[in-house]
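Asks: Below are the chains, spelled out letter by letter.
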Amino acid sequence: EDQVTQSPEALRLQEGESSSLNCSYTVSGLRGLFWYRQDPGKGPEFLFTLYSAGEEKEKERLKATLTKKESFLHITAPKPEDSATYLCAGGGATNKLIFGTGTLLAVQP
Amino acid sequence: DAGVTQSPTHLIKTRGQQVTLRCSPKSGHDTVSWYQQALGQGPQFIFQYYEEEERQRGNFPDRFSGHQFPNYSSELNVNALLLGDSALYLCASRGRGPETQYFGPGTRLLVL
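Chains as they are written, first to last, in this note's numbering: chain Z, 1 to 109; chain V, 110 to 221.
No lab work stands behind these hints, which were simulated from the structure alone.
Since the model is a prediction, treat every value here as computed from it, not as a measurement.
Where a beta carbon is used, it is the ideal one built from N, C-alpha and C, also for glycine.
A couple of the hints might just be wrong.
[To be verified] What follows is a set of in silico ranges between Cβ atoms, one per label pair, in the way DEER data are often shown:
| id | chain 1 | residue 1 | chain 2 | residue 2 | range |
| --- | --- | --- | --- | --- | --- |
| 1 | V | ILE121 | Z | THR67 | 43 to 49 angstroms |
| 2 | V | ASP171 | Z | TYR51 | 32 to 38 angstroms |
| 3 | Z | ARG61 | V | ILE121 | 35 to 41 angstroms |
| 4 | Z | GLU70 | V | PHE169 | 25 to 31 angstroms |
| 5 | V | ASN188 | Z | GLU58 | 44 to 50 angstroms |
[Claimed, not checked] A few chain Z residues facing chain V, derived, Cβ under 7 angstroms:
| id | residue |
| --- | --- |
| 6 | GLY32 |
| 7 | GLY43 |
| 8 | PHE46 |
| 9 | LEU87 |
| 10 | GLY91 |
| 11 | THR94 |
| 12 | PHE99 |
| 13 | GLY100 |
[Said to hold, decoys possible] Straight-line Cα separation of at most 25 angstroms, BS3-like style, residue types lysine-lysine; simulated pairs:
| id | chain 1 | residue 1 | chain 2 | residue 2 |
| --- | --- | --- | --- | --- |
| 14 | Z | LYS42 | Z | LYS79 |
| 15 | V | LYS135 | Z | LYS59 |
| 16 | Z | LYS69 | Z | LYS59 |
| 17 | Z | LYS57 | Z | LYS68 |
| 18 | Z | LYS57 | Z | LYS79 |
| 19 | Z | LYS79 | Z | LYS59 |
| 20 | Z | LYS42 | Z | LYS59 |
| 21 | Z | LYS57 | V | LYS135 |
| 22 | Z | LYS57 | Z | LYS69 |
| 23 | V | LYS135 | Z | LYS42 |
| 24 | Z | LYS42 | V | LYS122 |
| 25 | Z | LYS79 | Z | LYS63 |
Extracted from the complex, chain Z is given alone in its bound form:
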């Protein structure tokens, strides 16, 4: 059965304290691994799509990487405005997205 697991469930960082979020996946016929940011009460905002192991993508303070079993979202020198829930999803042969439960990130000034 397709499954995506994210850890930790919640993470509290001080401003400038770098860290990584983990996403473990088992998705048949993976066609893409997706990262989204979600603010409270809003829809997920697209961040990255990764297609194959070894691929990396960067955007401002965020970098996403992909292996055959995991993806990591690295946050370098975070700011309070990076506080949000970060969702990971696998897209398989059926085109539906299988989401993890997310990591709630809080960055304190």
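With chain Z held as given, fit chain V onto it using these hints.
Replies: Chain V alone, transformed into the frame defined by chain Z:
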């Protein structure tokens, strides 16, 4: 370039009632998917529409139905509402080729 839009933003219904939610996809997109997100959980896939037909369906009962119109917009209908249907309902669209789905702001449904 307009993104994915959804209406209404919020809705309050009572048990047993029926509800219709609406979605307009991002410009140039022809595939629409619907997701249900309970509080503190990740979105769960309901179904996907392409060329006005339901192409994929998740583990949701027949009370959940949908429609896609010739202009690619879509509706989600839920009959005989239950308390457990209270959630954020998300619409996502994608175009041909790229796998990335873009989400709308969602409709918050509260069933009392």
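Asks: For every hint, state whether the structure bears it out.
Replies: These are the hints, each one checked on the structure:
1. Remark: the range hint 43 to 49 angstroms for V:ILE121 to Z:THR67 is upheld by a beta-carbon distance near 45 angstroms.
2. With their beta carbons about 35 angstroms apart, V:ASP171 and Z:TYR51 fall inside the hinted range of 32 to 38 angstroms.
3. A beta carbon spacing of about 39 angstroms between Z:ARG61 and V:ILE121 agrees with the range 35 to 41 angstroms that was offered as a hint.
4. In this structure the supplied range 25 to 31 angstroms holds for Z:GLU70 paired with V:PHE169, their Cβ-Cβ distance being about 29 angstroms.
5. As the Cβ distance of V:ASN188 to Z:GLU58 is approximately 46 angstroms, the hint placing it in 44 to 50 angstroms holds.
6. Interface hint at Z:GLY32: satisfied, since its Cβ lies 4 angstroms from the closest Cβ of chain V, which is below the 7 angstroms cut-off.
7. Because the beta carbon of Z:GLY43 sits about 4 angstroms from the nearest beta carbon in chain V, less than 7 angstroms, this interface hint is met.
8. Contact between Z:PHE46 and chain V, as hinted, is supported at the beta carbon level, the nearest pair being about 6 angstroms apart and thus within 7 angstroms.
9. For Z:LEU87, the interface hint holds, the least distance from its beta-carbon to any beta-carbon of chain V being 6 angstroms, beneath 7 angstroms.
10. About 5 angstroms separates the beta-carbon of Z:GLY91 from the nearest beta-carbon of chain V, less than 7 angstroms, and the hint is met.
11. Interface hint status for Z:THR94: upheld, as the beta-carbon distance to the closest one in chain V is roughly 5 angstroms, under 7 angstroms.
12. Nearest Cβ of chain V to the Cβ of Z:PHE99: about 3 angstroms, under the 7 angstroms cut. The hint holds.
13. The closest approach between the C-beta of Z:GLY100 and any C-beta of chain V is roughly 5 angstroms, which is under the 7 angstroms cut-off, so the hint is satisfied.
14. With a CA separation close to 20 angstroms, the supplied pair Z:LYS42 and Z:LYS79 stays within the 25 angstroms bound.
15. For a cut-off of 25 angstroms, the pair hint linking V:LYS135 to Z:LYS59 stands: about 22 angstroms separates their Cα positions.
16. At most 25 angstroms may separate the alpha-carbon atoms for a hinted pair to count; Z:LYS69 and Z:LYS59 meet this at roughly 22 angstroms.
17. A hinted pair counts as satisfied when its Cα atoms are at most 25 angstroms apart, and Z:LYS57 with Z:LYS68 qualifies at roughly 16 angstroms.
18. Of the pairs offered as hints, the one joining Z:LYS57 and Z:LYS79 holds, with about 20 angstroms between alpha carbons and a cut-off of 25 angstroms not exceeded.
19. A hinted pair counts as satisfied when its Cα atoms are at most 25 angstroms apart, and Z:LYS79 with Z:LYS59 qualifies at roughly 14 angstroms.
20. The suggested pairing of Z:LYS42 with Z:LYS59 holds, with an alpha-carbon distance near 21 angstroms, which does not exceed 25 angstroms.
21. Distance check on the hinted pair: Z:LYS57 and V:LYS135 sit about 24 angstroms apart at the alpha-carbon level, within 25 angstroms; holds.
22. In summary, the hint linking Z:LYS57 to Z:LYS69 is supported, as the alpha carbons are separated by about 17 angstroms, within the 25 angstroms threshold.
23. The hinted pair formed by V:LYS135 and Z:LYS42 meets the criterion: a straight-line CA distance of about 17 angstroms does not exceed 25 angstroms.
24. Distance restraint check for Z:LYS42 and V:LYS122: the Cα-Cα separation of roughly 20 angstroms lies within the 25 angstroms cut-off, and the hinted pair is therefore satisfied.
25. For the hint linking Z:LYS79 to Z:LYS63, the alpha-carbon distance of about 15 angstroms falls within 25 angstroms, and the restraint holds.
Every hint, counting from the list given before, is met by this structure.
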